[in-house]
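Work out the full structure, taking the sequences as your base and the hints as a guide.
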Amino acid sequence: MASSVSSQHDQVLVEAHASARILTLNRPKQLNALSFPMISWLLELFLAYEVDPNVKLVILKGKGRAFCAGGDVAAVVHDIRAGDWKAGAHFFLKEFTLNYLMATYSKPQVSILNGITMGGGAGASMHGRFRVATENTVFAMPETALGLFPDVGASYFLSRLPGFFGEYLGLTGSKLDGAEMLACGLATHFVPSANLPILEAALCKVDSSDPVIISSIIDQYCKQPSVKEQSAYNRLDVIDRCFSQKTVEKILTALEKEAVHQRDGWISATIETLKKASPTSLKISLRSIREGRLQGVGACLVREYRMVCHVMQGDFSKDFLEGCRALLIDKDKNPKWEPSKLELVSDSAVDCYFSKLNDEEWEDLKLPSRSNFNLPPYAIAKL
Amino acid sequence: MDRAFQRTKILTNHLLQSSPSSPSLSSNDCLNYSPPELSENYEFDIKEMRKLIDGHHIEERDWLFGILMQSKFFNPKVRGGKVFLLPDYNQSMEQQREMTWKRIQYFLDRGVYKGWLTGKGEEVELRKFAAFEVLSMYDHSISIKLGVHFFLWGGAIQFFGTKHHHDKWLRDSENYSIKGCFAMTELGHGSNVRGIETVTTYDSNTEEFVINTPCESAQKYWIGGAANHATHTVVFSQLNINGTNQGVHAFIVQIRGADGNVCPNIRISDCGHKIGLNGVDNGRIWFDNVRVPRENLLNSVADVSPDGKYLSSIKDPDQRFAAFMAPLTSGRVNIAVTSVYQAKVGLAIAIRYALTRRAFSLKPNEPEVLLLDYPSHQRRLLPLVAKTYAMSFAAKYLKILYVKRTPQSNKTIHVFSSSFKATFTWNNMQTLQECREACGGQGLKTENRIGNLISEYDVQSTFEGDNHILMQQVSKALFAEYLAAQKRNKVFKGLGLEHMNRPCPIIPSQLNSTTLRSSQFQMDALCLREKNLLDLFVADVSQYQANGESKEHAFIKSYQVAEDLGRAFSDRTILQTFVEAEATLVSGSLKDVLGLLRSLYALTCLEDVAFLHYGYLSVDNAASVRKEITKICSELRPHALALVSSYGIPDAFLSPIAFNWIEANSWSSVEH
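For the record, the sequence lines run as chains A and B. 1 is the number of the first residue of the first sequence in the working numbering; add one for each residue after it. 1 is the number of the first residue of the second sequence in the working numbering; add one for each residue after it.
Keep in mind that the hints were calculated from the coordinates and are not lab data. Keep in mind that a hint or two might mislead.
What the hints assert, rightly or not - In silico SDA-like pairs for lysine to any residue, Cα to Cα no more than 20 Å straight-line:
1) 51/B - 577/B
2) 366/A - 39/B
3) 47/B - 291/A
Just so you know, these numbers come straight off a predicted model, no measurement behind them.
Here's what the structure looks like:
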């Protein structure tokens, strides 16, 4: 036991400064992918800091070239293969609870995204008050290529991006750099990585939870980056026209129509990506983002928890196992999706992913009550 | 003394606050906004409830909400950390019209109108209704511009036109290459369409119709779309063939060229600024012997041969006219069913505010009381919530009746749509006014929406038939049913009048809670009123007729009973749809709460003065009804948030006072 506790504590390093705490995700070889012990430890730390009057600010960062490449999906897949999808469910239950706590946290969280920030890594940062991107940041929600869907509350934060950019990011898994993240609102600040040490030092001196004060400190180390010319963000008009369509099939048709009008590598690449992704994933992802647009962050996570349990249970499709096999385990990059085509995924099949599980022991995600905390307006607005 | 002390303490706290330049005030001893979601529970599945009351196309509705929320065209504003959409009604009339037009084009680009005119069947018609219900929660001008183009212009071509009209106009209208309007109302004639003065003659030499505005009162008036945008119109006109007036007919006339210039022999003028709906370009049109080809007569009901012979399969001019009124039914159905949704917006805002706003403590040093915990506040708002539920079921019933229409059901649809249009739109105004007042001073702010909804939707009680006239028509229709049944010695069948065949229901002299909450008793009470008022109305009219008055004059004189009867018919029909919807559910929390709502709706109907005036309820009974209403309100209080959340209105379509109104008004949110 002792060794597991120590390994849990090794995986997230804690530095206590006056009224700031710096948490460093410390699994650099695995690009800081969130393991179950890491999530549990983070959850404990965040809960403790919330009631500790000496803590006013939490800084989250990653060791090495990644902030965090995602959840430790390999472990979940291992459980599912061993016939224990409920262990996987337990993993997501903890992770989503952490996401909810971060989204409704009464103290500011500053996430320093100096590297890869994907999937679960986005979930551990995007819900917090401040997201600092750098020139090293690479952001993506690549789940549809894995047979999953953008979870960790992504249906909340993706759906709130300008126009239909969220649908684009969530369905294609396209990568963004720091400048693009700032432009679309996923990042709140852009700080050149060279400035990070002095930024951290300055933040450690702040004796305040006031977001205005913290924001103005980060501002001092900011740079205004320019969005690269060929960025998808500069094609928001095309993205809006296509990704606002009602169904994945119609999105593809709209993209193909655009491709006829203008020969454009970006459009054909987008079509290619969509055609490579799991058809089931695409359909449930689109529905999830659409529903998320009209829901609070709690309702989003409850819904996503249902979905992820259906995905793991694998009653309709086992694409998640197949995607992980092809991309993470065998690495042949050639998943065989089943159902193999969009038209084989009926609306009623999609409906199933959003319903309660038909399993006596299973329960909906129960989120911790937040009514006893003096939540800031920023958090209240997300409920 | 205690109170004085408490006030001093509060004031001291205010004065000792940190300096106003500090962006976040200390929250000690100050009011905190606590979201109702944190304190209130959902005891039934609000998604299931929404499915029940929206009734159809839930995903389609949410898609459309998303289309609005993700575009800058809909004027998104961040208040209290949330985004709200609200048209800017402070813009000039010209700006509002331009914005409305841009929004309509945006929907066109997004494919919202696909199939609206070229598609067929129940699915597309219901989808269209769903879209109107959604858009009507954002802005009335958009729905009216669309309603004129699709329901009136498009509907006229679909219903009065024949195949070559459909082929020629529908596709171009659906993609807005043609912008249509509907020239029926004149300065001198509104509800009385048969009295319009525009005259059309036929010139067999050129095979053209000649349309003319013979006098000022014949100018077309209030024509939505005519002032700026419309390229074509359907003109309603008397058709005079060889000196014989064949009654009102409809013709297609181009009024603007592709360049936007008004066509020769057409004069158009603006109706000017209005108390609401300034995004709609209402105009006036004069026709100076405008010539249109023979095929521009919409000829499904009647035609004129090339050599000028009038041909119609319907010989009776009354029936011919009724056939012409058919597309107005679709507009009327649409107005009725969408009007429930503005009431929902108002109530969702007022209830959410009442769950977060406090006023007065009962004892010193106790927290102040939430507005919705006052029985008086519950009494103001919760019966109105019950009405939106009742009317949602009735609206669904009407929509289904409409999309499944047959030539035989036209009359039934006419009666139901007239009755519901009047009842729902009156209720809408009453509800919005109550919600405005229930929000106190905050209700007066434009950003809180309710006031704008009142002025934007006021017109509902007038267009597509003045509400009073519609109610009289309902009573006349019931009168005709009565006579028909009596004359042929047959039973009543249709319009839900079957209860007329049964013996008169008896109201017990003692009304206990169980009785008052039974749907049997509630139906009995409403049937009793309707049955008796119909008897009275027939007797009243017959009495006048016996004294030598004409039937028409007798109707006019019996207006009071006529309107009471119209209301009785409406209330009973609505309750019946509620009871039927309830019957389809399995027992459980959803059904239980619907039972409470149904009882609250029914008992609120029993508060109509007619019950005491005509003696259907004793004074004691009326007192029992009142007491029971208060009790049901208190039982519904814990469900209040769930009930308005089940409306399925996204936060962005409500207003800042429905959410964190303290933050929305904080110093830090002031643009310095």
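Hints, one by one, checked against the model:
1. 51/B - 577/B: The given pair, whose Cα atoms are some 16 Å apart, holds under the 20 Å limit.
2. 366/A - 39/B: holds (16 Å)
3. 47/B - 291/A: holds (12 Å)
Checked against the numbered hints given earlier, this structure breaks none of them.
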